[in-house]
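Trainee: Okay, here's what each chain looks like letter by letter:
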Amino acid sequence: MPPPPITKPVADAVWEIPANWQAGMRVPIRIFATRALLDEMDDQVFTQAANVARLPGIVGASMVMPDAHWGYGFPIGGVAAMDPDTGVISPGGIGFDINCGMRLVLTRLTLEEVAPRLHELVDALCERVPAGVGCEGFVSLGDSEFAEVLREGARWAVRRGYGSEEDLARTEEGGCFTGADPAAVSPRAVKRGHRQLGTLGSGNHYLEVQVARPEHVVDPTAAAALGIDRPNQVAIMFHCGSRGFGHQVASDSLQVFLDAMPRYGLEIVDRELACAPFRSPEGQRYFAAMKCAANMSFANRQVILHRIREVFGGVFRRDPADLGLRMIYDVAHNTAKLETHVVDGVARALLVHRKGATRALGPGAAELPPEYARLGQPVIIGGSMETGSYLLTGLAGSERTFGSTAHGSGRTMSRTRAKKLFHGRELQRSMAGRGIYVRTASYAGLAEEAGGAYKDIDAVVAATEHAGLSHRVVRFTPIGNVKG
Amino acid sequence: MAFEYLEDDVTSDVSFRASAESLEQLFADAVDALTGAMVETLDGVRPRQRRAVAVEAAALDLLLLRLLEEVVFLKDSEGLLLRAESVAVEPGAGGAPARAHAVLAGERIDRARHEMLADVKAVTLHGLSVERRDGGWQARVTLDV
Chain C
356 MPPPPITKPV ADAVWEIPAN WQAGMRVPIR IFATRALLDE MDDQVFTQAA
406 NVARLPGIVG ASMVMPDAHW GYGFPIGGVA AMDPDTGVIS PGGIGFDINC
456 GMRLVLTRLT LEEVAPRLHE LVDALCERVP AGVGCEGFVS LGDSEFAEVL
506 REGARWAVRR GYGSEEDLAR TEEGGCFTGA DPAAVSPRAV KRGHRQLGTL
556 GSGNHYLEVQ VARPEHVVDP TAAAALGIDR PNQVAIMFHC GSRGFGHQVA
606 SDSLQVFLDA MPRYGLEIVD RELACAPFRS PEGQRYFAAM KCAANMSFAN
656 RQVILHRIRE VFGGVFRRDP ADLGLRMIYD VAHNTAKLET HVVDGVARAL
706 LVHRKGATRA LGPGAAELPP EYARLGQPVI IGGSMETGSY LLTGLAGSER
756 TFGSTAHGSG RTMSRTRAKK LFHGRELQRS MAGRGIYVRT ASYAGLAEEA
806 GGAYKDIDAV VAATEHAGLS HRVVRFTPIG NVKG
Chain F
10 MAFEYLEDDV TSDVSFRASA ESLEQLFADA VDALTGAMVE TLDGVRPRQR
60 RAVAVEAAAL DLLLLRLLEE VVFLKDSEGL LLRAESVAVE PGAGGAPARA
110 HAVLAGERID RARHEMLADV KAVTLHGLSV ERRDGGWQAR VTLDV
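If you read the sequences in order, they're chains C and F. To convert, take the position in the first sequence, counting from 1, and add 355; that gives my numbering. To convert, take the position in the second sequence, counting from 1, and add 9; that gives my numbering.
Worth flagging that the hints you see were computed from the coordinates, not collected in a lab. Quick reminder that beta carbons are idealized off the backbone N, C-alpha and C, glycines included. Just to be clear, a hint being listed does not mean it is correct.
Listed next, with one range per pair, are the computed distances between beta-carbon atoms [as the list claims (entries may be wrong)]:
1) G497(C) / H110(F): 29 to 39 Å
2) E65(F) / A814(C): 29 to 39 Å
3) I623(C) / D119(F): 14 to 24 Å
4) E13(F) / P725(C): 25 to 35 Å
5) E124(F) / G807(C): 18 to 28 Å
6) G53(F) / R780(C): 50 to 60 Å
Work the whole structure out from these sequences, hints included.
Mentor: This is the structure:
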């Protein structure tokens, strides 16, 4: 679907729809994409980005990443920064799966070492990292300890022995959003989530064993600095979030905000774009609850990492530390955070909503661990299970997107249509023929995630590089997949 | 089965349309459509446990959302797959909220017997509607999966 005719190029792989496109827009829409990706975007992306541009307090532009597609309220791949004093917070700018994110773990093993045990490895991962509807984790917590998880995030997990300080240093926000308040969370949210720590979930959540083939190392110097220093090195990438807990926090907030909007004189354009002034009691309560969900998600990924280390240690009968198994980084997709960004030459505190978008800080950013200061923040962009995924680094140019880049390849086909076109068992066999061993909790779910239902990941990451947001380091190829 | 999943409505998720002669049947069909998005064979869900739920809301579409949210909640909190055994709806009038009472019947998820599909994260407000049509009722719901 072509974009509105008023869309104009403003820089390499950057497009703008001016604020006079639709009534009430306070700022323009800025789209970061190649011509081909722009033309492929569904027209709802532009309508939704315009709705975002109407939100009070929005600063600069309503941003759209190259993998954008229709979402609830914001498009997936939408980024918006609000003035915290005059602006709003919107759960539709964060998503139902709060802090759904990606974690990348590197091993010292090569494909040649892993291949003979690949089935054993993937089967063990499938057993030890539960996936699918209704799955329960191995950590069962009472309410008071669950509250510690919500306050401390991955720090709780490391305190319990599920990981190291290095893991925390290599997690966005150190694995913990400060200011999380369990009192802001409903008992229903806790009941939905307290048995789900250590689980993948379903839908587009997965755990993959991947290989960095020599021909796919785009920047060997940066790759070596990140620890990718031997041919066919094996890594593990996984994607999951805050599970039922975060979903309930989001659902709870929508009703509160819809009731509150008339009191604050806020017009409801789309009920999924419900919002409240950031400084209002409702806004602050949701912010504190959202941080709990973000922390639940960091803890979830940390506990899963612990299980992955156990599985590798067991399968290869070696200490996991001898096998490498060091985290490269953990990035969040669906969050709102108070961050400092330079706008018109002035550093300002902004509430940055990232919905299906990844933070991508450039070199020298204060938040980065010392080993990444010169490289820029590692950025992990997952493709479909059939194609591949990328490790990139943040570029200084990402200041134009409040330090953001793409998050994945983005769907182009509905789940219902994908299920008609693809068949889970056939797909599993065909992927096996291509050297990808898949275990799934649901064959229908597998069909829904077929590569043909997604945009071209190579085009998406290339667009982020053209636009100066993130720089390609390595493309990983899947060899094993646990599909949620 | 008076519901159908819509093929091209939402790229990432599942949406459905339900039609029925009465509000009660409409709500029961919508519960089936929700559970049917999670499990391949609805008839394989045996009525071994029951949960009574009561919800209220300012409007009928939000009332349906509340009822469906109960089914999602019980899926995560107790691991239950549920169908509606009985539903009573008071549409609400004169400023009183609409109310629904339902008895949900089902059983715990058993991977050996239930072929599972997508995990429903949330019932969304996107395009949500409950309206009179052709002498009966029609609902449209989108699920985040």
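Trainee: Report the numbers of all earlier hints that the structure fails to satisfy, in ascending order.
Mentor: Numbers 2, 3, 4 and 6, in rising order.
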